[in-house]
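Make a model of the complete structure from these sequences and hints.
There are 2 protein chains.
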Amino acid sequence: MYILRLFVFITLLVSVMTAQTPQFNLMPYPKEIALTGDHFRLTKDFDISIFGIEDTDLQMYASRVLRRLSGRTGLFFPQDYITNASRYDSSDLKIYVERAGKLVINEDESYYLSISSSSVMLKAQTTFGVMRGLETILQMLGSDERGYYLTGARVTDEPRFTWRGLMIDVCRHWMPMDVVKRNIDAMAAVKLNVLHLHLSEDQGFRIESKKYPQLHLLGSDGDYYTQEEIKTIIQYAAARGIRVYPEFDVPGHTTAWFVAFPELASAPGPYKIERNWGVFDPTMNPTIERTYEVLDTLFTEMAALFPDEYFHIGGDENNGKQWNANQDIQKFMKENGIKDNHELQAMFNKRMLKILTRNGKKMIGWDEIFQPELPKDIVIHSWRGVKYLFESARKGYMGILSNGYYIDLIQPAEYHYLNDPAPVDSVLTEEERARILGGEVTSWAELVTPETIDSRIWPRTAAIAERLWSPGTLRDVESMYQRMEYISYQLEELGLLHIKNYDMMLRRLTGYRDFAGLKKFVDILEPVKIYTRHRQGVKYTSYSPYTRVADAARPESMISRRIRKIFEELMAGNTKNAAELKLLLKEVKERQTAVKEILQVSPVLREMQPMSENLTKLAQLGIEAVDIYLSKKKPAKNWHKKVEPVLLEAEKPYGQTEIPFAKTVSEFVHLLIK
Amino acid sequence: MYILRLFVFITLLVSVMTAQTPQFNLMPYPKEIALTGDHFRLTKDFDISIFGIEDTDLQMYASRVLRRLSGRTGLFFPQDYITNASRYDSSDLKIYVERAGKLVINEDESYYLSISSSSVMLKAQTTFGVMRGLETILQMLGSDERGYYLTGARVTDEPRFTWRGLMIDVCRHWMPMDVVKRNIDAMAAVKLNVLHLHLSEDQGFRIESKKYPQLHLLGSDGDYYTQEEIKTIIQYAAARGIRVYPEFDVPGHTTAWFVAFPELASAPGPYKIERNWGVFDPTMNPTIERTYEVLDTLFTEMAALFPDEYFHIGGDENNGKQWNANQDIQKFMKENGIKDNHELQAMFNKRMLKILTRNGKKMIGWDEIFQPELPKDIVIHSWRGVKYLFESARKGYMGILSNGYYIDLIQPAEYHYLNDPAPVDSVLTEEERARILGGEVTSWAELVTPETIDSRIWPRTAAIAERLWSPGTLRDVESMYQRMEYISYQLEELGLLHIKNYDMMLRRLTGYRDFAGLKKFVDILEPVKIYTRHRQGVKYTSYSPYTRVADAARPESMISRRIRKIFEELMAGNTKNAAELKLLLKEVKERQTAVKEILQVSPVLREMQPMSENLTKLAQLGIEAVDIYLSKKKPAKNWHKKVEPVLLEAEKPYGQTEIPFAKTVSEFVHLLIK
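Protein sequences, first through last, are from chains A and B.
Start counting the first sequence at 448; every next residue gets the next number (this note's numbering).
Start counting the second sequence at 448; every next residue gets the next number (this note's numbering).
Keep in mind the hints are simulated off the structure, nothing from the lab.
It should be emphasised that the depicted structure is a prediction, and the values quoted were computed from it without experimental measurement.
Each hint should be verified, as a subset may be incorrect.
It does not matter which identical chain is meant; a pair holds if it fits inside one copy or across any two.
Computed list of lysine-lysine pairs in DSS-like fashion (alpha-carbon distance at most 25 Å, straight line) [claimed, not checked]:
| # | residue 1 | residue 2 |
| --- | --- | --- |
| 1 | LYS842 | LYS549 |
| 2 | LYS678 | LYS658 |
| 3 | LYS1099 | LYS809 |
| 4 | LYS678 | LYS657 |
| 5 | LYS678 | LYS628 |
| 6 | LYS491 | LYS986 |
| 7 | LYS1089 | LYS768 |
Set out below in structure tokens:
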């Protein structure tokens, strides 16, 4: 349980620091916070009153907060539900609110919180502001020998960006209602406010259409949201101040539509639901009226179902192959003076815009939809990068960033955290800056299932939530990691499975044996990054097992991060943590004895055997290298001959996982050899 | 992690035994099983074909089994969904089925399974039989150095009882859809086939009524199933061969109804949703026609919603106070020659029967509904005991048992396991025996929340499932415990949280610190049993925190059970495990050093401090006692003066938990002193 022991160490450290600067456990970090020095002591009589307006969503939100506070402290509070009937001037937490929040962009989500030794006051313009503030209150809970308290402070807070989203791809792997609901709860906990549902793909059409039931009946293997369920999701999110809007990705990414409507495709059918991953050829035919007829009917139906003002039409990754190969389309282009596929898609998009406008919706789409003649209230969703976002902002278009927030690509929280839609030092006019609305975390679902999705989204998404909420000048990575770990544990309470399923998956991998040894091993590893996993001889499909070590392993190993960090310190000439590093490497090495045994008991684990051997050798080599470095002598003459094969081998992935500090050791060693 | 280490020991032992008798991991244990000695080797080409009929539910069930097998083995099977189109004579697992199962009592659920080295064959009369057999196949998975296999065997299996149910009280604490769904999955895994939804109570009316929306709108705090959701539950269960039937508990347990309909009560309103636990006075007025009008309309609506042939009217725990105090009711009784409340309720029940009969339903109700004039197709649901079940069976009535299956009362699995609705040695005629249809596990919800309910229902319900499915002669408690532990881990894969939430709850109790020490402590304890928890000065309500040590602690501590067991062996003169016992007690004692520290860091844990001190002293005393016993000498003269206060104190509960072996040590010590 090394990680745990290490964690205690860090926590105790934080606890000590917390005594002076308790805001360390807040995430997203507020805009302004001033400690008052005293605390509000929680007693079993704690209660909440709401003044100003009567809003059922807010009353229920506050009631849930009361239950969460009661759950954490074990205190038996006297209030059941917070209503107008139970409103007292003597209440411990008094909430003042002016009006109900509206689920639109640029809505006021600011709040002011004051915690003194005698009472707590939370003030906001809108109910959404109150909700954000209530989450901050929950994070202000502390304890000492006298009991539980809320840290005395005055907090003035508001979001930096108005669009702080999470996109869930529910198509490539189906995500049932409970996945969506618990992720909405987690979003609210870190003040995200937009849920983007990616509802149609090559691999599935995931929403009931009453107009064209064949779409979901033939295109989903039975896995889709009924319209009632969608209403439930929308209501559940709205009650937490979160917008929900749909994406129907057209004209590409549409294989699943063509199972029911082969006549809409640009090449003859029949079509089957796609089971593989990649960019596929099937694309809607933009030159026939039937296409627009069906889309018009469907979008009109869906526009009525989703109250949000935005509607996403996708538009990405049309490879153009079916268009190029279709004689009628080529003829149409010639006749209408359309010079390339990009122009053809622009024509298609204009028709989409018309349909949406008629339905009172504003269009949002991926980078590719951008074309100069579009109205200025559309939103460009950038998967290609800040550069493109800036470009459209300069041309007067609003945009949101997802490039750098692809949470399924298993990159470090640090990378996402430092990725800013509008860095404070970027050369943008005030108007241009205002057009950058924020960003969205995208959870693409090739490699996740309902079992693993939480561990891919959380806790790293909390770091992005902070990027989108907190001041742009806040960029302290170490503080972020400390706070993220804390928030991660709090998210668990809401039902998130990002930690809970780890043990289960490891136990299953051992055939229900003791998995403590395996855990010590997997705690060090990380799944391979970006799209590497598709390029290692294993062909994944929608029905592959996502239950192996690569799926159980956390996106970021904290122990490996620490090892990497100290090596980097050494390379910068700072030796103060060298002893800790040697201890860590020794522990990594020693763990492998127990691992050896466990890797043999279970056939599914055998692919990891070379990895354990490599870890043993790499850790040993690392210790030697540190010793050489500290001795300030040159390594022995033939040392490099011995170490090169070890380093080369240690950098190889096994079972689609990698040793996260292999490259760093290699760099360090090569510095020594040089 | 003592428990885990102990578990490895047990598992390895089982694995060795498994080599000869692998059926040890099956639960419920089949009627007949013969090992063939060879194995069917699972390869990455494994596939399934279904012959006989085309049944979508079964195809989906088999597809899920294929995915679960793939998930456990990490093998990339080639089949996506099992359909008629993918049916091959060369398939590895060939399923033969005659007809679709019907969701009625006494339906055929038998199956025959043959696993040879070359193929697997599963044969059943009905699709339900196939589903039961598929779960057995999943439990037959083993592995060795050559890879994964299904143990070669011929299995002939069928249930002993036709009614194998789980009742979930979704009223006292609301249980959202995901709780119900994952529990249905778990039910299917252990071959349970009836889900009984307890839908109305003093604390909530939990289902949408379109006829009387005020019932659910005013009586549920917003927590109810819509009719669409109920249909989803029914369909989800049906696809797993599980019946779903509703209970509307009348005329008592009806406070929540009266919020909307105070005029139906036997005392004037207004009424509020009950927040406390107990038996309450509010009771429907059986002497006014309005009562029957409302019930007729509602039951007619609900009878159409639930396709099952049974409909539960509750009928329990009417304390009669409102009836006694109501002048009009007293007058009515006098005028109609009704001599007591029991007769009055009998009159009420006859009206209920009439309503149900007109709606094509058969009545089921708790013991109290029994009266001689009822038709013979009703079912008596016995919460009072086997005696009453036998009595009604003798009078020609069918019955099911729940007495002894109250899973919320935190009793040992052994107790439930040995509780038989119709013990093999009971004096019943064949006809009488046939009238005992089975039993139902009841999960009452005073002390559980969605967070803890799984840990109260599972894994102990698996033992009851075996009692209701397997031969009545199978009563080996040790084998049951071994197999139950194994099944418990498999249930986790289906999303059950009975293990997963343990760590989360412990971590929350420590304020997100390292909880390893706390776990070692709580692993030894058990929550107090039966209704004791309500009688220790803590007043629980529906909104109390169910997050303390008593809620986190497992219903049964396996380490404490082992300690108790060896003490019992010693008392029977068997000393072979004395050394193990001393080791266990020493470990218990040593654990307390780490615990001390952790109990101080968190205010919510402070109530447990005396318990840790008591454990230290009790373990020390236990070791001394064992030594004295082994020395065959009498204890020192004044020893009893020293030990009495320790024993007395150790038997006291703290924080509503108890030391499960305190009483046993006391007995042992008193034997020595005597």
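Quick rundown of the hints versus the structure:
1. LYS842 x LYS549: Intra 28 Å, inter 65 Å, cutoff 25 Å: neither.
2. LYS678 x LYS658: both (17 Å within a copy, 22 Å between copies)
3. LYS1099 x LYS809: So LYS1099 and LYS809 fail the 25 Å test inside a copy (48 Å) and across (67 Å) alike.
4. LYS678 x LYS657: Both. Shortest intra-copy (14 Å) and inter-copy (18 Å) distances satisfy the 25 Å Cα cut-off.
5. LYS678 x LYS628: both (12 Å within a copy, 20 Å between copies)
6. LYS491 x LYS986: Answer is between; shortest inter-copy Cα gap is 13 Å, intra-copy 57 Å.
7. LYS1089 x LYS768: So LYS1089 and LYS768 fail the 25 Å test inside a copy (51 Å) and across (89 Å) alike.
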